[in-house]
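4 protein chains.
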Amino acid sequence: MVLKTGEEYIESLRKRGPLTIYMLGEKVENPVDHPIIRASINSVALTYDLAHNPEFSDLMTAKSVITGNTINRFCHLHKSTEDLQNKVKMLRVLGQASGTCFQRCVGMDSLNAVYLTTYEIDQQFQTDYNQRFIDYIKMAEAEDWVIDGCMTDPKGDRSKRPSEQQDPDVYVHVVERRNDGVVIRGAKAHQTGAINSHEHLIMPTLSMRNEDKDYAICCSVPADAKGITYYYGRQSCDLRRLDETEAGDVDCGNPLFGGQECLIVFDDVFVPNERIFMNGESEFCTRLVESFSAYHRQSYGGCKVGVGDVLVGAAASIAEYNGVEKASHIRDKITEMIHLNETLYSCGIACSAAGHKTPAGNYLVDLLLANVCKQNVTRFPYEISRLLQDIAGGLFVTCPSARELRNPETREIVEKYLVGAEGVDTLDRIKILRLIENLTLGRAAVGYLTESMHGAGSPQAQRIMINRLSDLEKKKKLAKNLAQVSD
Amino acid sequence: MVLKTGEEYIESLRKRGPLTIYMLGEKVENPVDHPIIRASINSVALTYDLAHNPEFSDLMTAKSVITGNTINRFCHLHKSTEDLQNKVKMLRVLGQASGTCFQRCVGMDSLNAVYLTTYEIDQQFQTDYNQRFIDYIKMAEAEDWVIDGCMTDPKGDRSKRPSEQQDPDVYVHVVERRNDGVVIRGAKAHQTGAINSHEHLIMPTLSMRNEDKDYAICCSVPADAKGITYYYGRQSCDLRRLDETEAGDVDCGNPLFGGQECLIVFDDVFVPNERIFMNGESEFCTRLVESFSAYHRQSYGGCKVGVGDVLVGAAASIAEYNGVEKASHIRDKITEMIHLNETLYSCGIACSAAGHKTPAGNYLVDLLLANVCKQNVTRFPYEISRLLQDIAGGLFVTCPSARELRNPETREIVEKYLVGAEGVDTLDRIKILRLIENLTLGRAAVGYLTESMHGAGSPQAQRIMINRLSDLEKKKKLAKNLAQVSD
Amino acid sequence: MVLKTGEEYIESLRKRGPLTIYMLGEKVENPVDHPIIRASINSVALTYDLAHNPEFSDLMTAKSVITGNTINRFCHLHKSTEDLQNKVKMLRVLGQASGTCFQRCVGMDSLNAVYLTTYEIDQQFQTDYNQRFIDYIKMAEAEDWVIDGCMTDPKGDRSKRPSEQQDPDVYVHVVERRNDGVVIRGAKAHQTGAINSHEHLIMPTLSMRNEDKDYAICCSVPADAKGITYYYGRQSCDLRRLDETEAGDVDCGNPLFGGQECLIVFDDVFVPNERIFMNGESEFCTRLVESFSAYHRQSYGGCKVGVGDVLVGAAASIAEYNGVEKASHIRDKITEMIHLNETLYSCGIACSAAGHKTPAGNYLVDLLLANVCKQNVTRFPYEISRLLQDIAGGLFVTCPSARELRNPETREIVEKYLVGAEGVDTLDRIKILRLIENLTLGRAAVGYLTESMHGAGSPQAQRIMINRLSDLEKKKKLAKNLAQVSD
Amino acid sequence: MVLKTGEEYIESLRKRGPLTIYMLGEKVENPVDHPIIRASINSVALTYDLAHNPEFSDLMTAKSVITGNTINRFCHLHKSTEDLQNKVKMLRVLGQASGTCFQRCVGMDSLNAVYLTTYEIDQQFQTDYNQRFIDYIKMAEAEDWVIDGCMTDPKGDRSKRPSEQQDPDVYVHVVERRNDGVVIRGAKAHQTGAINSHEHLIMPTLSMRNEDKDYAICCSVPADAKGITYYYGRQSCDLRRLDETEAGDVDCGNPLFGGQECLIVFDDVFVPNERIFMNGESEFCTRLVESFSAYHRQSYGGCKVGVGDVLVGAAASIAEYNGVEKASHIRDKITEMIHLNETLYSCGIACSAAGHKTPAGNYLVDLLLANVCKQNVTRFPYEISRLLQDIAGGLFVTCPSARELRNPETREIVEKYLVGAEGVDTLDRIKILRLIENLTLGRAAVGYLTESMHGAGSPQAQRIMINRLSDLEKKKKLAKNLAQVSD
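Residue numbers (numbering that gives the first Met the number 0), protein chains in the order written: chain A, 0 to 486; chain B, 0 to 486; chain C, 0 to 486; chain D, 0 to 486.
One chain only, chain A, in its complex shape (with noise of 0.2 Å):
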């Protein structure tokens, strides 16, 4: 069977070879069970486990195009303009039911990048690139592989080339050939769900020049294999995390899930030649990157949508906790909260059913309108969390800690005086302000804020990309024409 279950997926990772892995200052030896690795695990867990649940499996599963089976949609080569759809509305569902990022999208994001470029790499050089990616992804599908798409660099100095760095091991870069393979060298930043990953599906993170050449390396490494090193990234509120009873659950506010990020460090690792998509053929880093953070920010306009449904739902439950849910002003700023929300969630699905085959045979989004989704991503969930915070009131960051419900000194009065409107349970108003405060502050905060603003690239990224795709010169030729210009 294919498709496996979010317990599965948890027994394959214990599978794993052992990796290194530092936190807080020391190695961790067991990450599945590690307290605040575990909730981000939790959330990868969720891409399996709803594939299951039959009010979802339509949307969570497709028929493969190489073999016909049914697989998770995360390991599929998209087939229409339907399919880009079914992604959004996919990626909507995870974020409402994890409230947080759940890591899987980059990986199948970057599969549909790598083969279509490897199919073009092909046509022009007479490679065999395609075919070896082919095999991959039969495996990636058979195995129901969580991949991680690894393309950020840490960058070093970036007003210099990767070839120009002092220290060239910034970009990751083959430092020897070998007639089975290469071995590379470098580190990636910002890897989401890196530690939760069955493999590094690595690839160039900028357009490379000739003389970059031994920088233009795309390939897969297990995560275990040897060489490669984490570094647990710290976040807001991590070490609530750490206190594992029932008042820390209520305290983390979303108890059960959470995201990852982490920097891999690649220390001379081997790759042997079947794992390699691309080995120097610079000319192709542009396609390789455009299309994958094409795919990457148009997947923005589902998962932040589904956790944004969730800002919404804080915002209406809080109010009608604090008693306050008919005053038009409170009705009005969750309508805008809706309204911008909806706004991205147009933008995912419209730069999908814009969408076009490409000569390797699946679909590619509309890359302009994809730029545009993305950039809207960098601003409207901060007015959407800026809109949750006025609606909530100001007692998400001045609450006592759910300790003092727990103890029986303080008990009492804490839920005295934290009453809200009448019948509703203390504590309950109290869970509702911790998840405001993990959404607009805490865990949640990082992937919903600033994820929003670089995930896939930056906002000055797309910008770039939308000026460029605009054909401004047709447009300047329409207002000619109505003034009548001749030019």
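What the hints contain is simulated information worked out from the structure, not anything from laboratory work. Keep in mind that the hints are not guaranteed to be accurate.
[To be verified] Calculated cross-link-like contacts (lysine-lysine; reagent style DSS-like; alpha-carbon spacing at most 25 Å):
# : chain 1 : residue 1 : chain 2 : residue 2
1 : D       : Lys26     : A       : Lys415
2 : B       : Lys476    : A       : Lys325
3 : D       : Lys26     : A       : Lys154
4 : A       : Lys78     : B       : Lys78
5 : A       : Lys137    : A       : Lys14
6 : C       : Lys325    : D       : Lys479
7 : A       : Lys78     : A       : Lys154
We have chain A; now place chains B, C and D onto it with these hints.
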């Protein structure tokens, strides 16, 4: 041949019986040749001419679902979500080509809304409105009609229902019922392209109750029906159109194209039974109003985007003429204009792609997303227009008239001092500046700004729908699940 | 008596020698009685009449620091931060009373800027410009002059300095030096109230270098000097002013008051020595431009706020006339209009309160805050205007002309159907709608929107100053201190 | 000597009787040395130390209007509009120096509000509250007290008045009246700096009616009074403060300074007559609340601007460290941050400069402009924070902990890969990134964002005041005059 040319369309207007039209205190005897009206007719004529243009004929035409004939898309019942998207694309093309409102979409949107509503009325009441309406559509297709979708009543005192008004006539209603038809009285305000239409398809303007049955009337009358009077709305800079010289053309900004808004008064107009499509079934007013509004709110995600392209083009042109096209802040502002404009387009496409088949068989847009689309249209064009004014520099409001450039006494001096970047013709620069005036303050601003605000319903109308359609209860459940509130 | 009345001011305009004025292709022989020009003269006349109005005379007048006489504040050298604040308050009152640009502040701002700059030039070069200028101010005070602060050159190719232009005349410059004075040539564009002034106080438009010395000229010439030609700028809806009937007044929106912008060409105009206040001291152009700009950017925190009050009042009036003044979303939008308007006022007051004494002895606003003030003025009026259009409903762009209300054939029907809330006169409703058109699209929109954008420097000019004046190094130090970066 | 040093202040806290404090489920026995609390005490201590710093002593001190002594400005009754402006400047300096909330302004604002209100009560009721309060102020000055202005009740069901609540204690009220004083019960929520204060100056939280007389109580009790319990509010990233190592300091972002919010419960606390300043005069609750709110809304135009300066500095620092400080989009975003921040400052200065003398003799800010100031503070800091996150890049949420930089196993690798522009120390870069996390998501974000939203009243509270104070009738008259509506 079903597809008229623009020229044939204009001829068909001349063939109508005489219309009673008042403008600027006088009766207009020959509307087709009146310079103010003619500019608006030119815009409508584009919808005919482009159907014959091979570059656009795919978008501009469709196969009738009734007869199988190739017809103008403006007469079409949408038969797929692709049709809905093509409608948006067609409107964008026309906005680009006219730089203003081309007035014909209200008819297309009312055709589709009345079609689906009559079907649903028939299902409930065993009436035969739908068949009557199909016959009507056949004529519309065969004659390639411009239909004025006629919805907005003057409304009088807005705190009262139709049947409570001091003067019952401020809403169109039935004043006499005969065997062969009904007599109606009242008025419709803000009627886009009223005089340029062949038919007025009259619809109720809001939800009606039992006691408002006389107001629950949907029917059609020809533009030259006995008892109709037109009051031409005057608009910003309208008088410039009266200067029919070359200099006048320059100062018009957009010499060829304009829009049109009228107050239509129905003074006891007879409607035969075969043109009545709802008659007292007040339960279905909401369905008719909401589906029409949704179609029309979608429209704005096309037509205003096309005009937005003209604003972008005007910005890029004037930047070039001023010699500042490479300044980073200019480039960034143009990028922002494009970004906002493409966001509107994304909303137009998304509500189309998310459309669904109605019981009657035609396709309806997603109601929530169509409202989201229009809500954005009440905002972004204002910002796009502001950015264009920023980029333009102040000359578009301080420039001497073009007559100074025709007057040999003054021409050389004005040309000398209004010179721009080297090699740019001063007159061309002025033409673009006047186009910018036209788009942001003048005749086209009425369509691009105020109509974007109030056309297809004012902003608050969309907010009410967005709130109602958003399933807040489900969203509250999502938040409570994550916070582990039992509830 | 120093303080003229409005009537005396108008008489003083008639007493000037003949001016050469071109408008709409013709020479204007009698500007004072030309209906388009007269509306702009009426606005200036308010600055005289209100000085005699006991309610406003405290604000409108001041004690001269030179003679001790009571003078119109527009001729005043500010002698305290209270004076600077009173200037802002005076401008707000005039904006409220005229609903448009009253044109006289440019002169006040140039008086203060030239005063402090001439003093500083004298300190460095032992010239006697300041004494000359004091003599000039005495005349300005005694004659209660309107001075046109004359700064903006047409600029030609903006990528080149004045001395590099193909045509040297696109910047005003000295073409002949005589014992008794200089001869200047060139033009000034966008000259607010040019024809309504007694004097043109000419200033360089930007920082100059050594090689631009001929362009570093500051001097004054009378409005009727030999060699001056005026080209009247045409503006949105200008032709409505030509309809001098009561119906024309209604359709003008603001029948009495308007603005004025001209291109002034100086064709070898002689300037006697006593009217020269800078002559080649290019080092001081920056000081003159920056101080003038700061004063003038402050001004916008007063005059536009006054016009903003009219927009707020129009919003509240039309809401009442439409019968929706109690709707919560209407109230909220009006609150937002007020909030934005008062934010602008706060900026006008703050840069005044933070002002300081110059070496010359008069007071200068805080440069940073004055630029911040103007930057907001390039944004908020557009949003205030958008909100007014929202509240107004669409009738202000679809309403028949007022002539239909004078025509006995049509009057009753138009009144019947354009009726508003009970008890409201339909004509009153239309008058307010036309005022709204005037303020947001028509003649006053030029002043309230476009002039807010470009007057006193375009937005980017303020951004450059804001960046330069903000002491980033100190702010970096603050952050590093807190983060305990040694640095 | 009246002016304490920071050290003396901390000593004075130790000298208080024991406080009952709960935090994280436990009693805190020694708050002064608790690492979480200590950071907030350090911020308050700055308000003492800077008074001794010659650079700031002019701002930080004032001459008492009561005794003529030089006192800390936080104990001062403002005696001029200059004083009001100096308050704003002082708060800006402290925001710059602490990067967080320094907690002492609530006391200053309540001193001034209670002073003017007691005077007005006395005038009407021949009471002697004002003299009592002057005696109280003398002590505050002499002891250089931190006073906790204690206003916000928990409020329970917000749709009900105090006397209608199920539990009357959700508003502080008098439960017993004795000859020598009263006994009060209830709680105050969101109490900034509660534990760091010497006194709680209790005020009613809203307008009261006759039936709410027991709630119309204004009085003061010492922080260590019998019957008071403190519940420490937990906040984003609070646990990082518990890591008292150098690495912990780095990860705190702002190792020295923090804020503090508590729930204070008054369980039958006795107040002697001489500390009662209102007792049942419900007519004056509105005056007290509105004047306190206005003072406190003004405060935000100072303190948040100072913190905003730190955000600007952090942006400029990280841009430099990343090597992108010259990119035009980076410069433009920093300019926007400055612009927004200085707009807030302008609002703080303007409501001060427009202040007026009260009947009691101290100065009160302009109520309308103070509300406008705070309304902007509920918006711009969010946008400033968003821009900082944009400029920062994503590393501030993915960076490994500083312990990895202390661990010899990992240090070199982390330093190698997190390198920035040449010459920049990697640890310095990380310190600034952690400061950015602190300011936009962590502990300081609570103060800079959420407190900006809800402190001194939530946004809707200001909108109600802005609407009420704006004299709409006068503005309607302006519009009608211009439109020549007789009315």
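Against the structure, test the hints numbered earlier, and report the numbers of the ones violated in rising order.
Per hint list: 3, 7 violated.
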